[in-house]
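Residue-level listing of the chains:
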Amino acid sequence: MNEIQAAVWQALNHYAYLDAVFLAERLYAEVRSEEALYLLATCYHRSGKPYKAYRLLKAHSCSTPQVRFLLAKCCVELSKLAEGEQVLIGGVLNKQKSQDDIITEFGDSASFTLSLLGHIYCKTDRVVKGAECFQRSLTLNPFLWSPFQKLCHLGEKPDPDQVFRLSLQNVSIAQPPPSVSPAQNPSHRLDTALMETPQDTLELNRLNLESSNGKLTSDLSVSYIDSSLISPETGSLLGNPVSMATAGSLLGKQNKPKSGRSLLGGPAALSPLTPSFGILPLEPSPGDPTYLQNYSATMETQSTAPSKKSVSRISQSKSVFSQTGNSRDVLPIPFNQSQTSAPHTSGSPQVLSPSMSGPPNVQPRRSSRLFTSASSTAKENSKKLKMKFPTKIPNRKTKCKSAKTSNSSNLNESLDILRLDPGLSLPDTKSPQYQRAAADSVMALLRELGRGYQALCSYNCREAINILSSLPPPHYNTGWVLTHIGRAYFELAEYTQAERLFSEVRRIESYRVEGMEIYSTTLWHLQKDVALSALSKDLTDMDKNCPEAWCVAGNCFSLQREHDIAIKFFQRAIQVDPGFAYAYTLLGHEFVLTEELDRALACFRNAIRVNNRHYNAWYGLGMIYFKQEKFNLAEIHFKKALSVNPQSSVLLCHIGVVQHALKKSDTALETLNRAIGIDPKNPLCKFHRASILFANDKYKAALQELEELKQIVPKESLVYFLIGKVYKKLGQTHLALMNFSWAMDLDPKGANNQIKEAIDKRYLPEDEAADSQDSSIMTDADDTQLHTAESDDVL
Amino acid sequence: MATPSKTPPGVDPKQLERTGMVREIGSQAVWSLSSCKPGFGVDQLRDDNLETYWQSDGSQPHLVNIQFRRRTTVKLLCIYADYKSDESYTPSKISVRVGNNFHNLQEIRVTTLNSHSITSSVMNNQCLTPPPPLCPSSLQQLEMVEPSGWIHITLMNQRTNDPISTFMIQIAVLANHQNGRDTHMRQIKVYTPVEESSIGKFPRCTTVDFMMYRTIR
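So the protein lines, in turn, are chains A and B.
Just so you know, the first sequence maps onto residues 1 to 795 in our numbering.
Just so you know, the second sequence maps onto residues 1001 to 1217 in our numbering.
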């Protein structure tokens, strides 16, 4: 059976899903065991058919955690949230498990389980519980970005410095196969005969192997299968089929687990000083049989106390394969296998073991032996595994024994490593300090990104831009970072900057769709129809199943004023992904433009239902109420939008106008002053301030404002129109006429009616007694003037 | 006596739409006809296809009724008529009536365009809405002579020169070319002026710089 399992895993790793599914089906038919069931379900899920996995797993009872996790994942993907929740924590009738229970039960995959559970809670409106789950998940595994992201979206402010920290426990999690690693006792178990038995270490070995198989992203299934498979396994070297398969028969081949490099990024040429992931160990040291002999010998001899050492040794060996450093020896806790074992702060692993000085974070207790495995088999396995261990161990052994003394040297070493010329990818890179340092720099990078992202989510756009722009160039020039900086500029209404960044994103990552809807709105604001239609065509050709592409298409047609087609495209975006709030907002705006205000209201409310912090939708509701002249409601909604995004000068401008409409002119002026303070380049704020001053008869101030505005936007006809009105009120009719005619020149087609009216009315106050005939004569005279002007142009 | 000059065609209404000054609102109305031949009814009149047409099947005057759910401002009516393809079915005299319901209709003054001003202004990109014509032909009823394209009919309130605001519009074909009995009408479009002021009662702004800050999208 193991051969088949190995073959299935190999097929999966080579993306040959048809083969994998076929073999898994035969295996399952032959051996109706839960592992085979799990394997088959995994194959279905990997091949993109979660419904198959779902139905398969539903039909059979699932007891092991990994099977339940997979089932819950399929449920969530098929939008069966209640069922997913029930699978994870038990139903209404059974006793529901608490988060701690989940953690103990799922062990290594607890972080993912909690993340999934948090997702379910958030979607079912239990936001508080969801946030809790995300927090726990992050404490368990700081490498997970999505819980952090979701917490930011919920408006919570997780502290990136606290979150993205490696601790002992996290170190273990960081391992690729965070399967319930029985051996991964957090520190508190240290005291009690740490890795009590070789078994655990052997488990570790297994896990190490798995990690060496390289997938950084913990391949749960791999690890799970492994553990489960290995336990009953005795005999053969093939005892670890997973590792065999995935590592491409590591055994005796000393292949390089290149896949392990993922976390640390690709190129070795990274600056060593900035958050560099360091150089990856490109060549695991070939398994040295002698070494391994030693190893196994030591293993056996150290059945009791020095289990620490053995563990550490194992971990060290692992470190070569595992991309990230093994926290060396000191961590008796097997985590060394964790990639980025570097115990975050102190670079002194040594400190950890002896004292087990509690790591800064309190690690939740994890049962060390979630997978009961026959110790004997474990032992044997480890023997087999020994070949995979690199020769570094002797070093580590010594280091291990030399407890504190080497502490400082380790530190120095790690510092040295950091200063290494990136070009040298060398044996040094394999050392655990190096790995740890690399892991540390990963965490440092994540902290920076986390801070930037959180600033963006709370709409502190300037800060977000500063933080994200100060990232090192290799990271700065990635789609994710540039997109988010672009978005920050967008929220500040600096559309030209945003457009520049987004076009850069398109250049370097043409496959990126996340954030393209913001790009399309930027182009809409800038009225760049050619670029927008090119973007729309490109995206809809590339991926018809993502809502962003259809939003872009809708924006394109909206700019062309073909509102019916735009509406159709936005509705399509909603169909493709009903959880995409922005599509609802854009659809609402289109309905407003076609004057279907009730449908627009419904759309904006839908957007808010999907995402409460979507301030564009609150703004949209405010706009509709403003159009309907329900100024109080409009103000309330604008203020709600402002509470989400307090830095938006456009919002403040609107609030000012609404307050003026509510006759609260002083507050309006204050609000507008605030808006101008935030963004002095916003001409509309000044314009509205001028119009409020005009309405309050403060003509001089209004004129001054308008003169300033003329400098900023010299071609805007509205400015001259308002100046003309002010002069008219002041009685300076020739100046008024002059400005009106300028306004008309600048806008021949649009504001004709109002400007013409303004010109006509000019005569009425002077000529109170004049009957309508006079005014109409005047009108005609004006008209003929205009006509002649026009006909001159025409001819 | 000089033969009356042929009514020249107006600009394609799609171009008008693109200026953002007007918006087609025929879809917000209920359309009905006084009579029609099976297969040549309202759908063919409103299908955006110039090949299909409405053919009436009763006695004159033939009526097209456009009823809105609420009082709507209407600025422009565009009718496509083509003498070359429709010959004696081409309408020659059209009257436009507005009111609240069938019993309340009043004929209104309509003006139409002189194509010269339209085409050249289009070329100069100055003004795409029908300006008051050089020789205003603001008749009570619209008379067309061998039309060959879109006819733009501006509906204006006599007193204020604003677009009219009404519940119902009735287009009556009073006479056809060559005294034909029935009429063909290929397309009718109804346009309302777009008020783009997002905030405040100001006319629309002209520069992109201003418009960028006008709204949050």
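None of these hints come from the bench; they were simulated from the model.
Be a bit skeptical, because a hint or two may be false.
[As the list claims (entries may be wrong)] Listed next, with one range per pair, are the computed distances between beta-carbon atoms:
1. S1059(B) <-> A534(A): 50 to 60 Å
2. K1037(B) <-> R599(A): 34 to 44 Å
3. Q149(A) <-> D1043(B): 42 to 52 Å
4. R599(A) <-> D1043(B): 20 to 30 Å
5. G1039(B) <-> D577(A): 52 to 62 Å
6. V1030(B) <-> Q560(A): 24 to 34 Å
7. K544(A) <-> G1039(B): 28 to 38 Å
8. K544(A) <-> V1042(B): 30 to 40 Å
9. V1042(B) <-> R599(A): 39 to 49 Å
10. G579(A) <-> V1030(B): 35 to 45 Å
11. V1145(B) <-> Q560(A): 45 to 55 Å
12. S1059(B) <-> K568(A): 38 to 48 Å
13. S1035(B) <-> K568(A): 46 to 56 Å
14. V1030(B) <-> K568(A): 36 to 46 Å
Where is the CB? At the ideal position from N, CA and C, for every residue including glycine.
Consistency of the hints with the structure:
no., hint, result
1, S1059(B) <-> A534(A): 50 to 60 Å, "55 Å, holds"
2, K1037(B) <-> R599(A): 34 to 44 Å, "36 Å, holds"
3, Q149(A) <-> D1043(B): 42 to 52 Å, "50 Å, holds"
4, R599(A) <-> D1043(B): 20 to 30 Å, "24 Å, holds"
5, G1039(B) <-> D577(A): 52 to 62 Å, "41 Å, violated"
6, V1030(B) <-> Q560(A): 24 to 34 Å, "28 Å, holds"
7, K544(A) <-> G1039(B): 28 to 38 Å, "36 Å, holds"
8, K544(A) <-> V1042(B): 30 to 40 Å, "34 Å, holds"
9, V1042(B) <-> R599(A): 39 to 49 Å, "24 Å, violated"
10, G579(A) <-> V1030(B): 35 to 45 Å, "37 Å, holds"
11, V1145(B) <-> Q560(A): 45 to 55 Å, "35 Å, violated"
12, S1059(B) <-> K568(A): 38 to 48 Å, "41 Å, holds"
13, S1035(B) <-> K568(A): 46 to 56 Å, "34 Å, violated"
14, V1030(B) <-> K568(A): 36 to 46 Å, "22 Å, violated"
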